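Same order as they appear, the protein sequences are chains X and H. Note that UniProt numbering numbers the first sequence so that position 281 is 281, with each residue one more than the last. Note that UniProt numbering numbers the second sequence so that position 284 is 284, with each residue one more than the last.
No wet-lab data here; the hints were simulated from the structure.
Footprint (simulated), chain X over chain H, 3 or more residues, beta carbon under 8 Å: (1) 247-259; (2) 292-300; (3) 310-316; (4) 607-618.
Computed from a prediction, not measured in an experiment: that's the story for all the values here. In this text, a Cβ means the ideal position worked out from N, Cα and C, and glycines have one as well.
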Amino acid sequence: MGKRKRKYESGAATTYISRNQAIRKLQLSLADFRRLCILKGVYPQEPLHKKKVNKGSTAPKTYYHVKDIQFLLHEPLIQRFREFKHFMRRLKKAVSKKNRNAEERIRANKPKYKLDKIVKERYPTYIDALRDLDDCLSMCFLFATFPVTKRTHAEMIHLCRRLTVEFQHYIIASGSLRKVFISIKGIYYQAEVMGQTLTWIVPHKLGYKHPDDVDYKIMSTFVDFYTTLLGFVNFRLYHSLNLHYPPQSESPLSPTGKGFVNFRLYHSLNLHYPPQSESPLSPTGKGYVNFRLYHSLNLHYPPQSESPLSPTGKGYVNFRLYHSLNLHYPPQLTVKLDEDGDEEILTNDERQERVEAMTQSLMAIGGDVQDEADAPDEFQTESGDPDYIEKAKVEAEDLKRLQTLFKDCKFFLNREVPRESLTFIIRSFGGQVSWDETLASGATYQESDETITHQIVDRPSLSKQYMSRHYVQPQWVFDSVNAKQLLPVEDYFMGAVLPPHLSPFVEEQDGDYVPPEKVKLLSRLQGKEQDVTEKASKTQKKSTKKRKMEKQPSSPPQKKTKHATVEEGQAEKVDVDKQLARQTAEERRLAEMMIPKKHKRLYHKIMYSKKKKTQEAQKLKEKRDAIDKAQKKQKKKAA
Amino acid sequence: MNKPADASRSGSASEDESESASEESVYSGLEDEPDTSSDEKEENNQGDDGDQLPDEYVEDSSDEEDIRNTVGNVPMEWYRDYGHLGYDVTGSKVMKPKHGDELDEFLDKMENPNYWRTVTDKMTGQKMVLDDGDLEMIKRIQKGAHPSTSENMYEPWVDFFSSETMIHPVTNRPADKRSFVPSKWERLKVGQMVHAIKMGWMKRREEKKSKEEEEDPFYMLWKDDEEPDITKRYRQHIPAPKLPLPGHAESYNPPPEYLLTKEEEEKWKEQEPEERRQNFIPQKFSALRKVPAYDRFVNERFERCLDLYLCPRQRKMRMNVNPEDLIPKLPKPKDLQPFPTTEAVVYKGHTDMVRCVCPDPSGQWLATGSDDNTVSNTTVLIVNPGLVDKLLVSNTDTLVMSFEDSQDAPAEKKVPVDWIASDLNLEDYKTGLRLKVEHPKEISQVTWHAKGDYFATVMPKGESMSVLIHQLSRRRSQNPFSKSKGLVQRVLFHPVRPFLFVATQRFVRVYNLLKQQLTKKLQTNCKWVSSMDVHPGGDNVIIGSYDCRLSWFDLDLSTKPYQTLRHHKKALRQVAFHPRYPLFASASDDCSIIVCHGMVYSDLLQNPLIVPVKVLRGHTAKNSVGVLDCHFHPTQPWIFSAGADGTARLYT
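Okay, chain X solo, but in the shape it has when bound (with noise of 0.2 Å):
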């Protein structure tokens, strides 16, 4: 005879632990618990049957799988966890003991834990990395905005910086932002990387009170994993584009060392793009920073001039700051003397501020960025379907044309706009960007230079203007970068009523609502302006279609034609399309009741939520009628 089987002794009942269970068998403190499953990634799961789990209670109850929990068992974390405590217990001991010594003492052997292994372990390769960075980036982004507070600590926030500013620099060096949005939470931006969407939000940058109600132990736990994924992610792409990893400006990093003021004028050189390089250098005529300009010009242009320093002389310490930034990296380094030879030291503020600035594009490891455009053409040959590479090489060059929009633009942003996320927006695209250089640094050109296209205001009037230049407001950067192509300035200059701003998230489908900002967009996007007007009527027929139906006869198309000649054999055909419409209606409804009970419930679901989207968008398209009314008895009252 078999071994007699009990109830809740094998299925659903052991594969479910609940989450005191959990706790108990790990020996951990519920906030422990929690912490080790925010680092190692373990949720709770519903299970199908909560019955069969809870020995036939179905109590809320959150359960966990076992084999999670097994997993959790054989943690190092958790042994580091319980070194903290003991920490915790000896620093607390000597604080209220007041023995300085030992406090001392102990606070520098404070155990620290390393969550490499971790993200290896909860991401097997980079691509699941990425698929997952969304959270990772807004709570990144996030953390960088923060003031340094008790609950947030300064090195955090730093990290967060340092890692967020990383990760936009490779976003401008890859070209693959693809999305803005401003909302009134914050700034959206999408971007494809290695083939998977980010989808990330930054707050609008302005002083905000911190919530009560928030826990932030639980927010910084959450935050220590994600820099740590954040940088191994930064480090990954940086490599997959060449770039050194701590990112270092392209330009030579040794400045003139007479001031911070030439220093920024030596870079509005623009001696990384060699293209631009017959620009006018600098717009200011002093003599004494051209010849300074010329001469650094003259040394730096030839790459033979990259020439690693021995660790000897005065190029010791220099040497050793980029030593210690490139310790893992390859050895090439690309330190560069000044004329003099009398190297100046940047302080780790000043670099950290000028990579900040994202003016500038970044440092190769092995010279020239390798043009990527080539190699998807290779490979999409091998596909075969004709249609499918036709298709393929117009996606490409869309995207080329995309990442290259703003490229003969050049930017200067007033004070008052966001100075980061425009150059971000801008750099990603092409463009060139300066702003007033004591605003901040990294600025490259000054506002009196006449290449200047645009200028990004965002106030309603400006006593000097230049006539070479666009005055617009921000939107427009936004909006064209949207359209994918650079829209008429006319709709966005300084002061005057800005377009609707739209979310390029949204997908309209068949029966939802599309606002006419849009329908001209799209048109406008298949380059057929004339048709701009008749789309629109086309589409609003299409949403009054299912209202007319019901209605009588005199519809507004009738209503149009009367001054029209026949009359009534439009009305007949009319009738017809009626009489047909309701046919088919009745057809339809009949057809509905033969639905079998099986699918009689998920087909009224469906035309439940239908028909609640087609409300809804004859809501919104009522809203709008009554708008545009209002909008047009004023017009016509003010003329």
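Knowing the structure of chain X, use the given hints to seat chain H on it.
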């Protein structure tokens, strides 16, 4: 507690001075109050010099009775009801001293200049006068100062172990050996450390720190040539769903239609945060510089964090179904014509609801029954309306009247039904009445056999006699069932074979009339059968029920419904097959008649095809009763209906 008494009493003579001095200082606090003045003096004396002690008993007269209570530190209210206050050293009671009355108290108050500083000792009950020292002390305590005036709290600090090296040692103690011999253990420890530093095992704190700072924690974690170890865990991972992307409404400058109106905004505010479709109120700003920080940003990120690690996950299969695919592919009604499509005639005339409607076999005449005339429901009247063919009329008459009572049939079973033939001369005969069949109870239904000689009646209250079969030619009635099987709703004859369908509340029984046995019992799966009809072929039955269902039975197939149609919203009142065309209809309380195409194939393997082809409307409901009866035209694809609104209608 005895000691102080001893000290003050017996120590006067025998004890030496130093001892008594020390005792004095210790126990002075316990001295009786009346003695304090003397104590003070003594203390003052003591302060001067310790050696020269004054005679402490100078003012102490041993004659005086020294009252000393030995009860200790107990609440004195314990002795409230007694005459004594405690016990002295000898164990005798210390009696409460006599207090004068109020008058004495008053006199004392008036006369005694020290009255204000007189207090009562709780322990002894004696009155005592506070001296100036005591008063001073009280004042100082009230002020929060030190009670004693002699105590200086801020005495100058004497730096005894000063930083200045003195020529002479403070103590005379010789130095320890360990103070001049180097420590062995220290040497060993230092040796260890030196070794560790040399070997590079140990680092100085600064070195450590700088090394940590230098080290970049990031390296190439995912190498190109590495095979990822994809575990089972990894494969079973349920990724968290991504956050939905923002729509136009979230824009800082949305199209105006996305902004909420005042009512919508109020509604939004009243809703619970979980109910809201959007977690924000759309706002419009004229310029980017006017956009404020979003105050719920951190909360939203935090909620996302909570979702990521606290929210139970489950793999759900989401079906992406095109609703068109769910609709079964059926032939179009257009291809299934003919069937009634439009309302052609409305027959008005009845004032109350029309109960039943029936066309005559030629289709030229229509009979309706209504509630407006009260008719005794217990009689079946056989009427020859004489409307059609003369020949047919006369034949019918001869058939009906050719009955000869043969008296030979013995009354085996008494059936309480009376057959009354109408007299030729009577007025009734001229109007067409030929026969009356009187029943004992109310009749709900009469149905004819196809041959025309038999008809069956249903008396719902007749119990065992609820179904009766009558033979017209022999004017005989019989009760086929000895026992009632429930409330009979309907009976029907099979059109071809000798079967009788009896519909009770939940079942339909099929009886073979020749063999007199039950052949089939159909399970209708509904609560209350209202109507029934048999396909002209005889193999299919439809049943309508009060719970909105129409069930189609294929008798060859099963005793369970082949198909159940729930097309009506309300109770079904009547179902009917067309005698020629493949049509059937159902009339319901929701005022509609649904005509369906019901094709029965002669091929036994092919199932009947049922397609609804038309919903006919026109009747209106009265007292929540809609269409009560429907009947197809015998030859045309038309249908007659009778409604509660007092009309009968013809749809063609």
